[in-house]
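Each chain, letter by letter, is given below.
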Amino acid sequence: MTLTPVAPTIRSRPVYAPLEARAGHLHLIVADGEGAEAITDMLAKAPEAAGLLASAHIMYCPGPTGTDLSGSLAGLGAAQYFRAPTIPALLPRLGRVLQDTHMGTQFYLAGTEGLIGQAERAIMATGFPYNAIQKEHRGSTLRRVQCVHCKGITENVATDPFKCSHCGLSLFVRDHYSRRIAAFQGVNIDAEDPGQVPESVVRFK
Amino acid sequence: MSLDFKPGAFNDFFRDETFRDDFTYRNSPQNIRRFPFPFDRDEYMYSVNMEPHVPGRKGTVFEHIFDVDEHYVAEMIDRAKVLADDPLRCQSLPHMTLAGWDLLELIMETKAQEYPEWFSLEKNGNRWRWINRPLGIDHSFTFMDESTLPYGPFEYITRQTQGDFTLQDERDGTLWMDAGIATSQADWSVDFDVGMNFHEWHAPVPLAHDMGVFDRALKFLLKLQHGAPVRRFNWTMTVNPLLDTAPETYPKWGPTKTTLTPENLGQKQHLRVELQTLYRLPRSNAIAFDIRCYLASFEELVTVPKWGRRLHRVVRDIHPDLATYKGFIRNRPAMEAWLSKYDDGAPTSPGWWPED
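Protein chains in written order, with the working numbering: chain A, 423 to 627; chain B, 3 to 358.
Think of the hints as simulated: they come from the structure by calculation, not from any bench.
Since this is a predicted model, take the numbers as computed values, not measurements.
Even for Gly, the Cβ is constructed at its ideal location relative to N, Cα and C.
Certain hints may be false.
Claimed, not checked - Partial selection, computed: residues in chain A whose CB lies under 7 Å from chain B:
#1 Ser434
#2 Gln502
#3 His571
#4 Asn610
#5 Glu614
Kindly generate the complete structure, drawing on both the sequences and the hints.
Structure (structure tokens):
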């Protein structure tokens, strides 16, 4: 398993690159699901993995399709390791840790786009530039989508179109992506012809 | 403290009309003549088409820096309704307050100078008194002190100014749309796009990226100087004189696209023109982007024979991807058929003016 490929598309759609170990005082590593493998791959190539781990804080949760590789991270010897059951359960801890991060911190995000986007948003809120945050998309391509109509966010969207979990409208999934909302955009597909909803196709797994 | 418009704001000049429900919006005959018809030739393709925004021909929308027309009061009432329904339509990230003050100053100073009968601004140091007669506002406040305004400076002044606005912060060699108000937008979401950079918020536009349009436009805009604003046109099509064609409310207005008939098309189908102007702001170094929307029905437009001929040719020949993006691909055949009655095949003169 390697970096999940992203088909070339519009300019707001995020792109990702393999993580690489960089010099830093603190290494903040946030991952879910198959993202654990991006972390272990990065450490395997790191010239001084032991030094990095000695100043690393790893936060991990299982992925949306059930992949739980926490065993491969728990025993790495990171200064701090935390396993959360879900992304929402992970984020409060990340927020607290970010209050004390300083210059020279390295951020490594790996796994689903939902995890990467929400962690990136929390990091950006501290004033850290998003393009200095390393992000490697691995595993599930399920999407986090905001309904442009009711503003509710539906997690783990697999099909296009899909039903908004908040207002019930049928939405098609755009590649247009907002870092501030950490979501793709969903737009009503039958607005002009109410009731004429094309059959859903599984686009994200 | 609020920004209540006083009753009686309409006078002989400003029309009492609606952009919703019964859609009583119309252009007076003299206002049709000053409509900013956006096609200077019989065909359309993207271009950056920027030019200096300097006061132009008398009696046109270019006569003033900020055009105030017969729809001003009705548009501001419509904006207040949209914002009451959905406050997310106006957003300003915390670091954009200074740019908001810059814009407030630009608009107040310019309007007071260009329309002294309607607007006045008195300054005593930082104590300012702003009078907006069409809207019945007489307000003293302290410049740069937000606590003396009922809204942030950006929202306060844009609630009194026709046109959607965005404020672009400049950093990392690009522009970031970090504030915006949109109640007359052509189907883009402020709430979703605030915080994006230039290429990101333009990402959904087809064809233009590969043509290099946005690279060139950005390069041009980064060089924009204070005191030297620029302008360009954009356009789309809207059924009914609906200002607020937001993606948020698309399920409400989307079905109106299916209501056109050969009989009602001339009255219901509107050409929607955006006069876009850009200003470098002095303190923040941000760029203010004004997207001013003008609406005219096909019936109104074809009262100018040159425009009737030309609009027919543009609609008939436009690239299908553009008709799709602009949201009128389904009605294009009907529009073309209706307009063909006003195209006798005669040549048209270059330029967009109704005559000459």
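These are the hints, each one checked on the structure:
1. Ser434: 4 Å, holds
2. Gln502: 31 Å, violated
3. His571: 6 Å, holds
4. Asn610: Status holds, d = 5 Å.
5. Glu614: 4 Å, holds
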